[in-house]
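Engineer: Chains as they are written, first to last, in my numbering: chain W, 1 to 298; chain C, 1 to 232.
Please keep in mind that the hints were generated in silico from the structure rather than gathered at the bench. As the structure is a prediction and not an experimental result, all values here were calculated from the model. Backbone N, C-alpha and C fix where the C-beta goes; we use that ideal spot for every residue, glycine too. Some clues are possibly wrong.
Taking lysine-lysine and the BS3-like style, the derived pairs with C-alpha atoms no more than 27 Å apart in a straight line are [said to hold, decoys possible]: (1) W/K285 <-> W/K169; (2) W/K169 <-> C/K113; (3) C/K226 <-> W/K190; (4) C/K113 <-> C/K76; (5) C/K72 <-> W/K169.
Here are some chain W residues pointing at chain C (derived, C-beta under 8 Å) [unchecked claim]: (6) L172; (7) A173; (8) R175; (9) A176; (10) D180; (11) E182; (12) T183; (13) R185; (14) V189; (15) K190; (16) V194.
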Amino acid sequence: MSVILQLLNVLPAALLAGVSAGGQYALIALGYTMVYGILRLINFAHGDIFTVAGFVMFYAVTAMPVYLAIPVTILLTVLLGFTVERLAYKPLRSAPRMSVMISAIGVSYLLQNLMWYITGGQPQQYPVIPWISDKIQIFGQETKRVTVITPLLTVALILLLLVLIKRTKLGLAMRAASRDFETARLMGVKINSVISMTFVIGSFLAAVGSFLFFSNYSTVSPTVGTMPGLKAFVAAVFGGIGSIPGAVVGGFLIGICENLIRAMGYSTFSDAFTFALLILVLCLKPTGLFGEKLEEKV
Amino acid sequence: MLKINDLKVSYGGIEAVKGISFEVPNGQIVTLIGANGAGKSTTLRTIAGLVRPAGGHIQLDGEDITGLSPDKIVSKGITLVPEGRRVFPDLTVLENLRIGAYLRKDSLDSDIKWVYELFPRLQERSWQAAGTLSGGEQQMLAVGRALMSRPKIIMMDEPSLGLAPLVVKGIFEIIREINRQGVTVLLIEQNAYMALHTAHTGYVLETGKITLTGPGKELLRNEDVKRAYLGS
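Work out the full structure, taking the sequences as your base and the hints as a guide.
Structural biologist: Put into structure tokens, the structure is as follows:
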């Protein structure tokens, strides 16, 4: 009885933390799922791009005020995503998918090691972004404002993304290209620009995710992005990789479940839960919640 | 006028098109007929810019357009209705039409109206996902989508493939109608009878070479053509 009471006590806070973590996972998961949708590629470097965004912010604030550092970080992260695609994936456009995936793993290690090299591997204190890092009281608990902002901002960005995909010419081209490259080219769609835009959007979302994540987590190290990156990947698979609503639902679900498990006192198992979920999904419903039937693209 | 001069195309070391020359005069319906593997599709795909030729020239109204990218070819006024229709199954009918006009920046309303007049069935299904259409309707959509780029020349790769005879008749009527409205048509077909019957000029393609040419109706009476493609 007392266990249940205790649970009820921590439930609101755990839910809030869960929704917040879930929003961060969702933002990263969108980058995985969009790239997969168009290239059928698991972009293993995506988690590292997220981490680089953390470091860029750390260095940017040493040179400029925060309100400038934020757009600069976004810009450089987007540029990094764009460059990675152009240098590591575009030359392999007609290569077997396995080659592109290996290239992605290579980029992931390259970015990680570059970060070790440049930073010396010391975890760095993430800069305090005013206002969103302020402490506030909610459900009788003290938390940072970012916890509340995250899910709101995530939902707003997702709505914006959906408008882009459903209502704009670029979105139309993305949807067409994700189904059939060749026919999209016959319509006059420049496939390479559409793919670049996909990486630009994915990296933008990862940069926003990094502000929210590191404001909560507060230190940046070269491998800190691996775990959230992997979890976002699980979220994308769980929701059905290639599906945008799937990535969002998956992200929030994993965030909430993890925090509930922690609130019940099983912190040790919260990561294990996520990966057990991955195995379960892959065994029972490999296409995920909203995934399309996997068709080989011609 | 589209002029193909000594076009050669190779796929992984195999020469699929071995130096063919033909002309598509403005306002005509021209057809290439030939068996499977004769190089018909490859020829159209090369003109459309999907495949780079190994040699030869493609000229449109005197301008060399050899080896341009597909988007450049579309903006020059040449469009391809691909084999197997290839509509975008999870886009709506209207979205499929819109993406056909991807490179255009002007208003599409009058063109959408035009396509819907040509294919009233498409208007009824405007908001349906293209994947839910029947084969014949998908072919109409593929043609309508190509027309949305306002082409001078529309190329069609086996538009009758896999369709019921009655639907095939409808498709050929549409081809004539489009042509009457001023669009030049380059058609490849295995249904040689229908194609030659419809075309002003026909070319017979055999293993990468053109072996016969003449007005469509004349080729229909040619003994070699009859034996090889008309089954009589």
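Engineer: All hints are to be evaluated individually against the structure, with a verdict given for each.
Structural biologist: Now the hints, each set against the structure:
1. W/K285 <-> W/K169: violated (33 Å)
2. W/K169 <-> C/K113: holds (20 Å)
3. C/K226 <-> W/K190: Since the Cα atoms of C/K226 and W/K190 sit roughly 43 Å apart, the hinted pair is violated (cutoff 27 Å).
4. C/K113 <-> C/K76: holds (23 Å)
5. C/K72 <-> W/K169: holds (18 Å)
6. L172: holds (5 Å)
7. A173: holds (7 Å)
8. R175: holds (6 Å)
9. A176: holds (5 Å)
10. D180: holds (6 Å)
11. E182: holds (6 Å)
12. T183: The hint holds - W/T183 has a Cβ within 8 Å of chain C, the shortest such distance being about 4 Å.
13. R185: With a minimum Cβ separation of about 4 Å from chain C (threshold 8 Å), the hint on W/R185 holds.
14. V189: Since the shortest Cβ distance to chain C is 6 Å, the answer is holds.
15. K190: holds (6 Å)
16. V194: violated (11 Å)
Consistency note: the structure conflicts with the earlier hints numbered 1, 3 and 16.
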